[in-house]
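Here the protein sequences come in this chain order: A and B.
Quick note: the first sequence uses my numbering, first residue 9, plus one each step.
Quick note: the second sequence uses my numbering, first residue 9, plus one each step.
Treat the hints as calculated values from the structure; they're not laboratory data.
All of these numbers come straight from a predicted model, not from anything done at the bench.
One or more of the hints may lead you astray.
All copies of an identical chain are treated as equivalent in the list; a pair is satisfied when it fits inside any one copy or across any two copies.
Computed list of lysine to any residue pairs in SDA-like fashion (alpha-carbon distance at most 20 Å, straight line) [claimed, not checked]:
(1) Lys142 with Ser120
(2) Lys142 with Gln66
(3) Lys142 with Gly121
(4) Lys202 with Asp16
(5) Lys142 with Arg122
(6) Lys140 with Ala70
(7) Lys106 with Ile175
(8) Lys206 with Asp110
(9) Lys142 with Cys63
(10) Lys191 with Glu96
(11) Lys191 with Pro15
2 protein chains.
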Amino acid sequence: MADLLTPDELEARLRHVGETRYHHLHPFQLRLQSGACSRGEIEAWALNRYLYQACIPQKDAAILARMEDAQMRRDWRQRIIDHDGEREGEGGIAKWLKLTDDLGLDREAVVSGRLALPATKFAVNAYLSFVKDKSLLEAIASSLTELFSPMVIKTRVSGMLANYDFITPETLAYFTARPVQAKRDSDFALAYVKENAKTPEQQQAAIGALEFKCSMLWAMLDALEHAYLYAQPWPDAFVPADAPAKREAAE
Amino acid sequence: MADLLTPDELEARLRHVGETRYHHLHPFQLRLQSGACSRGEIEAWALNRYLYQACIPQKDAAILARMEDAQMRRDWRQRIIDHDGEREGEGGIAKWLKLTDDLGLDREAVVSGRLALPATKFAVNAYLSFVKDKSLLEAIASSLTELFSPMVIKTRVSGMLANYDFITPETLAYFTARPVQAKRDSDFALAYVKENAKTPEQQQAAIGALEFKCSMLWAMLDALEHAYLYAQPWPDAFVPADAPAKREAAE
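The following block holds chain A by itself, in its conformation from the complex (with noise of 0.2 Å):
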């Protein structure tokens, strides 16, 4: 069995999870800042990910759901507001919105799912599954993928900015506002997983919530890699208009 770990020491665990298992490693994530992506790539990587990004206030709302205490649910519930925004048009899921019309793609068809890779939605539904099951320590400890998330997005911003022409400031909007709010996130989550899992049990299973979660990150990104670059797309999702010929010829 484990042992007992001290706070600190489970801290020190859970970024090594993100040191070893977050998509700052993936192959398609170096592909995609570094410019080695075709545009077909990036749309196909901005239609998939939208569901993640929309799945967002549903799995925090399912988690608010679960908790007890007025002065934590007042904490969470920033983290809907931040992606729903007050009114049509702004939050989070917005402003990945406006980087999927820059990219050209179709709203309905982003907005719908229909399009996006089969394996894109059972991650997401995986994760919203997981919240919903798994304890309350789990979920929150599922959702510390943010501390990492602030050197992906400063890597990936600037990256995307110096080699695609195509992307500007502003269809990266999404990202702006991202560090400081994962930031906030993320410090409270961490200050209640360190606070709340107090046996080994506890403890093993917030390391093995965080290390699902970057599963689920790392299986979207495999799932676009191998359809995209590999393979060919499931029958009926997304095929870019540069796509090789044996794609089309597929269909």
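For chain A, the structure is supplied; the task is to place chain B on it using the hints.
Chain B only, in chain A's frame:
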């Protein structure tokens, strides 16, 4: 809006889904039956697919739990018996474990799922969610991949026996019983869907359910192909003993 189809037109549409989307067309399936797979790839296939096999009686129980008609439940419950058997060591899941045993895989590792690819778990989870959350008609229609399985089983078994000296008829005992069971089960499900999909919306939902199920089986093979042919498996997933050194180096 879609037109109302006759029952036979609906059957033709459902069979067309199989012809264009069932995993008999997947490159990994073709590789498996042609003898091109390494032993490690077959081990990874058997280990990951175990999770799908193991979920079958759970998904059938979820469907059974939604049936209000006793005769339908009497018919449907045989599926659970087929997979769970009458006692330990019998039934489809036990026969799948015979395959993983013969491949030399550790039974605890297989049954726990801890070495399976995250994408396999997400796909199986999506299937279980589907049969619980969608209509009973869609849940039953999603089982119609069994219309197509006898074909793929025949080719897979003969191909694997001809091409891999470590595979014997006993290793593949799971598949011996399946074609007869699948024929009986899919006859029942097809008759139900043809009789109960009475509106264009219900007919489209039934077709969509079968597309979903095909996409779930396809995504499992995509994940295997990606992890074991093109890229690297998730760090916590199975690494075959015959894996190229690059994979081990990444650990």
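Hints versus structure:
no.: 1; hint: Lys142 with Ser120; in the structure: between (28 Å within a copy, 17 Å between copies)
no.: 2; hint: Lys142 with Gln66; in the structure: both (16 Å within a copy, 19 Å between copies)
no.: 3; hint: Lys142 with Gly121; in the structure: between (26 Å within a copy, 17 Å between copies)
no.: 4; hint: Lys202 with Asp16; in the structure: within (8 Å within a copy, 61 Å between copies)
no.: 5; hint: Lys142 with Arg122; in the structure: between (29 Å within a copy, 17 Å between copies)
no.: 6; hint: Lys140 with Ala70; in the structure: both (6 Å within a copy, 19 Å between copies)
no.: 7; hint: Lys106 with Ile175; in the structure: within (11 Å within a copy, 54 Å between copies)
no.: 8; hint: Lys206 with Asp110; in the structure: neither (47 Å within a copy, 42 Å between copies)
no.: 9; hint: Lys142 with Cys63; in the structure: both (17 Å within a copy, 19 Å between copies)
no.: 10; hint: Lys191 with Glu96; in the structure: neither (25 Å within a copy, 52 Å between copies)
no.: 11; hint: Lys191 with Pro15; in the structure: within (19 Å within a copy, 57 Å between copies)
When each numbered hint is compared with the structure, violations occur for hints 8, 10.
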